[in-house]
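Dock chain B against the given chain A, drawing on the hints supplied.
First to last, the protein sequences are chains A and B.
According to full-length UniProt numbering, the stretch in the first sequence is residues 1 to 613, in order.
According to full-length UniProt numbering, the stretch in the second sequence is residues 1 to 613, in order.
It is worth saying that the hints were derived from the structure and are not from the lab.
Watch out, some of these pointers could steer you wrong.
Just so you know, same-sequence chains aren't split out, so a pair can sit in one copy or run between any two.
To be verified - Pairs of lysine to aspartate or glutamate residues, derived as DMTMM-like cross-links and limited to a Cα-Cα distance of at most 20 Å, are as follows:
hint: 1; residue 1: Lys469; residue 2: Asp239
hint: 2; residue 1: Lys434; residue 2: Asp531
hint: 3; residue 1: Lys372; residue 2: Glu585
hint: 4; residue 1: Lys367; residue 2: Glu174
hint: 5; residue 1: Lys434; residue 2: Glu120
hint: 6; residue 1: Lys543; residue 2: Glu417
hint: 7; residue 1: Lys434; residue 2: Glu389
hint: 8; residue 1: Lys518; residue 2: Asp224
hint: 9; residue 1: Lys222; residue 2: Asp119
hint: 10; residue 1: Lys591; residue 2: Glu184
hint: 11; residue 1: Lys412; residue 2: Glu468
Protein chains: 2
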Amino acid sequence: MKSSSNSVRWFVQLVSFSVVMLNSCSLTGAHTHPLDPLCPGELLLVRSILINASIMSPVDNIIATLEVEEPEKSVVKAWKPGQELPPRKALESLAKRGLNYSEIVLLPLAPGWYDVPEDEGLRLNNVQFTYANGTVNYFMRPIAGLFAVVDLDEKQVYKYIDSYSEDIPLPKREGTDYRLEAQEPPVLNPLKIISTEQPNGTSFTVNNHIVQWGSYWRFHLKLDSRAGTVISMAEVLDDGVWRSRLWHDAGEYGFGANASPLQPLNDCPRNAQYLDVVLPSASGLPLVKSNRICIFERYSGDVAWRHTETFAPGGTVLEARPKVTLVVRMVSSVGNYDYVLDWEFQTDGLIRALVGMTRIIQTSATKFTSVKNDEGNDGDSLHGILISENLVGVVHDHFLTFHLYLDIDGTKNSFVESKLKRRHIQPGSGVPRKSYWDTEKHIAQTEADARIQLSLQQPSEYFVINSEKTTRLGNPVGYRLVPGATAATLLDPEDPPQVRAAFVKNQIWVTQYHKEEKYAGGEFVYQSHGDDTLSVWSSKNRKIANEDIVLWYTVGFHHIPVQEDFPIMPTISGSFELKPANFFEDNPILKAQPNTAAEFSAYFGDVDIKVKE
Amino acid sequence: MKSSSNSVRWFVQLVSFSVVMLNSCSLTGAHTHPLDPLCPGELLLVRSILINASIMSPVDNIIATLEVEEPEKSVVKAWKPGQELPPRKALESLAKRGLNYSEIVLLPLAPGWYDVPEDEGLRLNNVQFTYANGTVNYFMRPIAGLFAVVDLDEKQVYKYIDSYSEDIPLPKREGTDYRLEAQEPPVLNPLKIISTEQPNGTSFTVNNHIVQWGSYWRFHLKLDSRAGTVISMAEVLDDGVWRSRLWHDAGEYGFGANASPLQPLNDCPRNAQYLDVVLPSASGLPLVKSNRICIFERYSGDVAWRHTETFAPGGTVLEARPKVTLVVRMVSSVGNYDYVLDWEFQTDGLIRALVGMTRIIQTSATKFTSVKNDEGNDGDSLHGILISENLVGVVHDHFLTFHLYLDIDGTKNSFVESKLKRRHIQPGSGVPRKSYWDTEKHIAQTEADARIQLSLQQPSEYFVINSEKTTRLGNPVGYRLVPGATAATLLDPEDPPQVRAAFVKNQIWVTQYHKEEKYAGGEFVYQSHGDDTLSVWSSKNRKIANEDIVLWYTVGFHHIPVQEDFPIMPTISGSFELKPANFFEDNPILKAQPNTAAEFSAYFGDVDIKVKE
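In isolation and in its complexed conformation, chain A is listed as follows (with noise of 0.2 Å):
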């Protein structure tokens, strides 16, 4: 099928299954010839898929010429008026699955290069068709057998791969829609209305983009068409002196221009403050987006420090702190994927970066309806899990990397590790044990020093150092990077996702800032060789000590479906922080105060709240 110069034909294919989705023409009702133009449902679809493919994003205009596909001329003159339009290659396929062409809704998947000789030089995308009829959640419901393989410059159906067969039913629709209205009754009983009050207003100001947030922090703050929210300049007061620290963002997901409207009281709590952001269009004009951020304080309920002492001179001493902290969200929706990205500030110095995945797994169809079916092989032959009948949630990996550009009290900056090193003990020494464990330091002075593989075994702590400054003791001021609980990729050095992925080979990196070298994948991921990753980069192992460098992290996970995850995903995180290590002379946060309950009786009313020994 990979044909000829006719370069909307491939846009022809897709709207004419999907169009009456936009509830404004089909092909097979508002039309009425073969040569019909486009209408403006039509247009606003290809241009959703293309989006949803992110072949471009919202502002994109990079639509140059879209026209229906003129049929072969001898086609055209056989139509006469009343009859059915022109079938074309795929249409014949659904009819074999008795679907109705109205309903099928088209899912791009990941393009991108995957070392073929015959497609060299080609942007391709494959396509999987699903159902919606009557949900939403067309993800659960995709049609078995049916892919087509898109050639993105061309615009063109490069493939169409329809292996039907009859004993693989459509999964079913019945408890796919996640909507409230969509729901059988009895719904859930709510709990109890819970809120986050603040009485006096928030703590934090927004100032065009300068973010303060009481005594402790200052920060600029935007939102990047690819990188999402970027976090730069951020500052502590210290002993009444603005120190500088970081600027960092999230990597090339396109997660600025995928920026989810977020719901009040929903997706951010009441005290938030909801930011609108403008993103540029391809013609240069503003684009102004409502609520793609959120900024608010949290008071989860935790502790800052604390300490019951029972044994001090003068008697039982308690002494806690609330914990508060600050939290810039937002959301991306990229197709089926909802990511919840939050930068949490801590009144300590803290920083942590959560993603939150919520969202509508990946799906296959499948003959089975039940585990025991299957073939005896008890589900492991299914390449994924069964969550619904005829429906494989298929397993898959996420990868986020997070460019860190530190600069700790100023721009010169060393990445050091501190590997935990089992000592043993002579026998004879006079010292009962047989071992114990210290740190040796590294500094890493080339980029090779910093690829870091994260091991339980053979632990280490991670630290961006200023080496030219010390606290009064002679520690290198400095942030410790803190892993959180993450997954390495589990695929092939020389698989081609994984050589265009070739960032996720390790979870920690430290380059040579240098400006270009944004985006871990590079510039264009999809059709990228693995010629311009962060891979790449550091294997030109540049000096990186006492340097400016940018840190390189990777939150990984494995995603295994459970039957939970249907019809939609509920919330799983991961996360990861930079804390202060050595920035500080000691505790920042000593003399903070704690509430007091005549504060908190004033604005809410007394409750019984006894302190009590």
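What follows is chain B alone, placed relative to chain A:
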């Protein structure tokens, strides 16, 4: 100094050093004769020391005899009224340091067996000497070179080590006190008041020991002297049927006996409910302890699930549900350590165990006031980090082993390891990929199959399933153990403390249930030779497939202090999750309702929270 039969010698030594701390009597004050008996304050102090050393809990009744040691007859005879009381060995030691005996505080360090032949059969405990003298944070003022080893059975000093060096001064007092009243002004400006408010009250009830939360959870809650909070008989309402899940408790840390009274508004939020607990005394009398547990609902502003759908038939879909959880909290103050232990229940069936640690770190004195003066070793020779002048924060580990006695819809359960495996695709297969990954399930047949060391590079998922009950699709109903960031032991397996703590060798173990195998370190931990630990039980290699089984998981921390940990350390935390995995037929909170602006406005007034598109 291993000596004779006088059974109270040690007590008198200890008391004489620290008696003034209780403001009740002192050897140099209230006591007027060398033969004076112990006063009430001294008795209480002895008791306190025993408690602090975990030799007894506050409710134990193990002190059979407790008298002052009689000095040598010649000394008593030579003494005359008005003269200083006869010096004891330790008092001599202190004189040369110029310290005031009344300000000495003794810290019992970890007792235990160290495989020293001459110590065999003895219960010994090391005691560190610190100097309060104007601070409640005596932990930051260790006295260099002065240690005692105490025989806990004979109740006498077994060894006394005084390696005084005039090079090592006492670490300074300034900056060590963490109480608000001890801070030099100005203190930090408080953030504006923030509270979690529930105008209609909570959605949970506590009836005797049964906690029920909305239509989501009910469980039995108690505080165990040794294990702390114990959650039993946790059940979830699933389509009107309460289904059983689990029974779990937290290790053998004497967590319960050391539970700290919780301070409202600082240890728990305003909407918390506090529970008193009753623990038995050795004589069988009940001891009521106030505010040892708090329960509260948490709304952190996070989302339980959400999705923005731009391409759905019928137009854009925006669905989001707020995440509200139920937290059961206790804080155990074990000497200088404060462990915040949370069990957090989610509406989607997930249970999260969180360990927060906020404490005063363990220290040793050093002659150094700067890392740069550390004989050129830049801190590496200190076996710790210089956190203040003359003060080293000692590197150490924390391991908290959880005993998870699960019942997934019945007592016969199995442990499944699902290994994530890279698969290679043969060239010529027509697939452009070179690899993919899938899972390979192993049902652990015996205990040897379930000794798990976590690995990022060779990942697995871990489940407890009921092999006899499946979902409608044939998936076995189960819960998944989701490890968080954790740490593995670095010690030599033959090192005596490691032999006693062999249970931290693996992060996960599964054993056949036996009532007496309750605490991972065995009944008597400190003097154990490692012959009654989880490791020993597991070595029996009993059958665990389709049996009544116990899952053990260890949350570990390596702690390398930083200056920010001085004089008191901000909270760090670790966690793991128990996550439903084909336990429900689908997402159990699909039918949850979103928050609505009307309801919030009615209770809290209007704010500008426009829902935008």
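Results for each hint:
Only within a single protomer do Lys469 and Asp239 lie at most 20 Å apart by alpha-carbon distance; the minimum there is 17 Å, versus 62 Å between protomers. In the homo-oligomer, the alpha carbons of Lys434 and Asp531 lie at most 20 Å apart only across protomers (19 Å), although the nearest pairing inside one protomer, at 50 Å, exceeds that limit. With identical chains, the CA atoms of Lys372 and Glu585 are at most 20 Å apart between copies only, with a shortest distance of 16 Å across copies and 62 Å within one. For the identical chains of this complex, Lys367 and Glu174 are intra-copy neighbours only, at 17 Å inside a copy versus 74 Å across copies, given an alpha-carbon limit of 20 Å.
Taking identical chains as interchangeable, the C-alpha atoms of Lys434 and Glu120 lie at most 20 Å apart only when they sit on different chains, with a minimum of 17 Å there against 60 Å within one chain. With identical chains, the CA atoms of Lys543 and Glu417 are at most 20 Å apart within one copy only, with a shortest distance of 16 Å there and 43 Å across copies. Taking identical chains as interchangeable, the C-alpha atoms of Lys434 and Glu389 are never at most 20 Å apart, the minima being 58 Å within one chain and 30 Å between chains. Proximity of Lys518 and Asp224 under a CA criterion of 20 Å is satisfied intra-copy only: 12 Å inside one chain copy versus 54 Å between copies.
In this assembly of identical chains, Lys222 and Asp119 lie within 20 Å of each other by CA distance neither inside one copy nor across copies; the values are 39 Å within and 65 Å between. When the C-alpha separation of Lys591 and Glu184 is checked against a cutoff of 20 Å, the pair qualifies only between copies, where the shortest distance is 8 Å, while the shortest distance within a copy is 54 Å. For the identical chains of this complex, Lys412 and Glu468 are intra-copy neighbours only, at 8 Å inside a copy versus 62 Å across copies, given an alpha-carbon limit of 20 Å.
This entry does not satisfy hints 7 and 9, going by the numbered hints stated previously.
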